[in-house]
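Chemist: Throw the hints in and build the complete structure from the sequences for me.
Sequential numbering from 0 applies to the sequence shown in numbering that gives the first Met the number 0.
What the hints contain is simulated information worked out from the structure, not anything from laboratory work.
Keep in mind that this is a model prediction, so the values were computed, not measured.
Cβ coordinates follow ideal geometry from the N, Cα and C atoms, glycine included.
Wrong hints could be hidden among the right ones.
To be verified - Label pairs and their computed distance ranges (CB to CB):
1) 40 - 162: 19 to 29 Å
2) 123 - 166: 18 to 28 Å
3) 87 - 172: 46 to 56 Å
4) 132 - 58: 15 to 25 Å
5) 35 - 153: 21 to 31 Å
6) 50 - 113: 41 to 51 Å
7) 168 - 51: 32 to 42 Å
8) 161 - 136: 22 to 32 Å
9) 48 - 159: 18 to 28 Å
10) 153 - 42: 24 to 34 Å
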Amino acid sequence: MCIISNRILFVISVFILTFSSLPARAQRVALKTNTLDWVLMSPNLALDTRLSRRLTFEIGITGNPLSKTPYGTDIMLKNLRIQPSLRYWFNRPMARHFMGVAVCGGVYDLRLREHCYRGNIAAAGLTYGYALVLNRHWNVEFSIGAGIGRVWGYDYRYSEGRPKDTNMSKWIPVPIGTGISFSYIFQ
0 MCIISNRILF
10 VISVFILTFS
20 SLPARAQRVA
30 LKTNTLDWVL
40 MSPNLALDTR
50 LSRRLTFEIG
60 ITGNPLSKTP
70 YGTDIMLKNL
80 RIQPSLRYWF
90 NRPMARHFMG
100 VAVCGGVYDL
110 RLREHCYRGN
120 IAAAGLTYGY
130 ALVLNRHWNV
140 EFSIGAGIGR
150 VWGYDYRYSE
160 GRPKDTNMSK
170 WIPVPIGTGI
180 SFSYIFQ
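Modeler: Listed below in C-alpha cells is the structure:
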C-alpha cells in the first residue's frame with residue numbers, strides 16, 4: 000500500500016514540476032451549459048477553449064438517456080449528441096459577436112403519441128452569436144444557427160412495433176448551435 004502511494008506521489012510531483020516549468024500563456028477556457036437543451040430535459044455541458052487571438056474551439060455533449068420524461072405520457076425523447084464547432088470572434092474570444100462552423104452527430108428516439116422516430120443524425124451548419132460579458136468569469140451567450148442534416152433510421156407507429164430494416168433516410172434542415180448558454184470562464 001505504501002509503495003503504491005509513493006509511486007502515485009512521485010508521478011504527481013513529476014507532472015506538476017514539468018507543467019509548472021512551461022512558459023505561461025494567456026489561455027482561456029470556458030465551461031458552459033445551454034438552457035434550451037435543459038428545456039428539452041437534456042442535460043448538457045460544453046468546453047470552449049481559445050486557439051488564437053480570434054479563434055476558439057468548442058465541443059459539447061448533450062444527452063437524455065431516460066425513457067420517461069415529464070412531457071406526459073404522449074411524448075418521450077431520448078437522445079445523445081456531440082457537437083464540435085470552430086468560432087471566429089470579431090472582437091476577442093468569448094466576448095461580443097462571433098461566427099462559427101459547427102458539425103453534429105447523434106442518436107435519437109422520439110415518440111409523439113403513436114408515431115415513433117428512431118435513428119441517427121449527422122449535420123453541419125453555420126452559427127452566429129453574441130456573448131454578453133457579465134463579469135470576469137461569467138458570460139451569457141446567445142447563438143442561432145442553421146444547417147442541413149442527414150437522418151436515417153426507423154419511422155413507425157408505436158402499436159405496430161419497430162420494423163426490421165431501416166425505412167427512413169432523408170436530408171432535413173436543422174437548427175445547429177442554437178441556444179442561450181451560461182459560461183464560466185477560467186483564467
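Chemist: Evaluate each hint against the coordinates.
Modeler: Here is what the structure says about each hint:
1. For residue 40 and residue 162, the Cβ-Cβ distance of about 27 Å falls inside the hinted range of 19 to 29 Å, so the restraint holds.
2. Look at residue 123 against residue 166: about 25 Å separates their beta carbons, and that is inside 18 to 28 Å.
3. The hinted range of 46 to 56 Å is not satisfied by residue 87 and residue 172, whose Cβ atoms lie roughly 23 Å apart.
4. For the pair residue 132 and residue 58, the supplied restraint of 15 to 25 Å holds, since their beta-carbon distance comes to about 22 Å.
5. Restraint check, residue 35 to residue 153: a C-beta distance of roughly 26 Å satisfies the suggested window 21 to 31 Å.
6. For residue 50 and residue 113, the Cβ-Cβ distance of about 47 Å falls inside the hinted range of 41 to 51 Å, so the restraint holds.
7. Between residue 168 and residue 51 the C-beta distance comes to about 39 Å, which sits within the given range of 32 to 42 Å.
8. The given range of 22 to 32 Å is broken by residue 161 and residue 136, whose C-beta atoms sit roughly 47 Å from each other.
9. Taking the beta carbon of each, residue 48 and residue 159 are about 47 Å apart, not inside 18 to 28 Å as hinted.
10. For residue 153 and residue 42, the hinted distance range of 24 to 34 Å is satisfied, since their beta carbons lie about 25 Å from each other.
Going down the numbered hints, you'll see the structure goes against 3, 8 and 9, while the others check out.
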